[in-house]
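J.: For chain X, the structure is supplied; the task is to place chain Y on it using the hints.
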Amino acid sequence: MNWSEFFAMKGYGLYVWGSYGVGLLVLVIEIILVRHRRKVVLHQLRLLGDVGNEDQK
Amino acid sequence: MAINWFKYSAPSSFYGLAGKLIPWFAWPAAILFFVGMYIGFFVAPTDAVQSEAYRIIFIHVPASILSMIVYLVMAAYAALGLIFNTRLSSMMATALAPTGALLAFISLWTGALWGKPMWGAWWVWDARLTSELILLFLYLGFIALQASIEDPRRADRAGALLAIVGSVNVPIIYFSVQWWNTLHQGSSIKLSGTSMHIAMQQAMFTMLAALWLYVIAVALLRVRSIILERERNTQWVAELAEVKQ
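Residue numbers (this note's numbering), protein chains in the order written: chain X, 119 to 175; chain Y, 10 to 254.
The hints are simulated quantities; they were obtained by calculation from the structure and are not laboratory data. Even for Gly, the Cβ is constructed at its ideal location relative to N, Cα and C. There's no promise every hint is true.
[To be verified] Covered stretches of chain Y (in silico footprint by chain X; criterion: 3 or more residues with CB under 8 Å from a CB of chain X, positions within the stretch not fixed):
#1 99-113
#2 230-243
[Stated by the list, open to error] Among chain Y residues calculated to face chain X with C-beta under 10 Å, some are:
#3 Ile68
#4 Ala72
#5 Trp118
#6 Gly120
#7 Pro126
#8 Asp135
#9 Trp188
#10 His193
#11 Val227
#12 Val246
#13 Val252
#14 Lys253
Extracted from the complex, chain X is given alone in its bound form (with noise of 0.2 Å):
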């Protein structure tokens, strides 16, 4: 079996590829975005305690 017959799932490519890449897809989106999520809530948290020290002052 060479590559371009393993791509072409016998002539059902299309469908296997498009339900893996589509799969594996949204789960790359999901980890970028919670990883996002974390990173915006850690710079306002800093923010945050920024505020907090200046009004000690």
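T.: Relative to the frame of chain X, chain Y by itself:
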């Protein structure tokens, strides 16, 4: 020896624990994913009836099973939060909802791509497909309802009611292929035995384990952000090393 089981029900202590646990779920998930894909594409034989198209099963079935399990876990956490007024349980429910919605989406998407070559249609309004679509809408409804309510505790309670009522849909999805005459095939794996080749089963269960571990890792990662967002005015958050730097 007395163990304080409730120690980690406090968001402040669970935040640290979750951070330590994430790599223990994320790395095995990645490894099992590659093992599952290898078995699924290089070890499992071609199907006699469905040729190579059946290989969609290794993502379709795990995503579908987990879309139902995650819903039940989410509803259970939401119910715990409602009954015992534990904030962390409600936060876990909120953290699981987006991942559950994505799993339901993957289930429907891969199902459509499998249905087209096998049934000749991307979509049919049969009981299995329709109830899974309702599951996706329940997840989206839960997320939208919580997002529309400003007070987090009120959002928790409203979401919990929706999640609990909606959980009646899960057994409907599961038994739909037995209760109604559906186009969707019945389970290949049964308690009485299975009609699947051993390598096909290995690939499916390995992918199921990989996706299950992924769900736990990503939910823990998300709940850590939710904890920080909701506890932002507390002393312990202000004193975290990642906040102070």
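J.: If a hint holds in the structure, say so; if it doesn't, say that too.
T.: Hints, one by one, checked against the model:
1. 99-113: holds (count 3)
2. 230-243: holds (count 7)
3. Ile68: 5 Å, holds
4. Ala72: 7 Å, holds
5. Trp118: At about 6 Å, which falls below the 10 Å cut-off, the nearest Cβ of chain X leaves the hint on Y:Trp118 intact, so it holds.
6. Gly120: Holds - the Cβ of Y:Gly120 comes within 10 Å of chain X, reaching about 9 Å at its closest.
7. Pro126: Cβ of Y:Pro126 sits 5 Å from chain X, so the hint holds.
8. Asp135: With Cβ-Cβ at 19 Å, over 10 Å, it is violated.
9. Trp188: 27 Å, violated
10. His193: Y:His193 check fails; min Cβ-Cβ to chain X is 16 Å, beyond 10 Å.
11. Val227: 6 Å, holds
12. Val246: Constraint on Y:Val246 satisfied, holds at 6 Å.
13. Val252: 5 Å, holds
14. Lys253: 7 Å, holds
Checked against the numbered hints above, the structure violates hints 8, 9 and 10; every other hint is satisfied.
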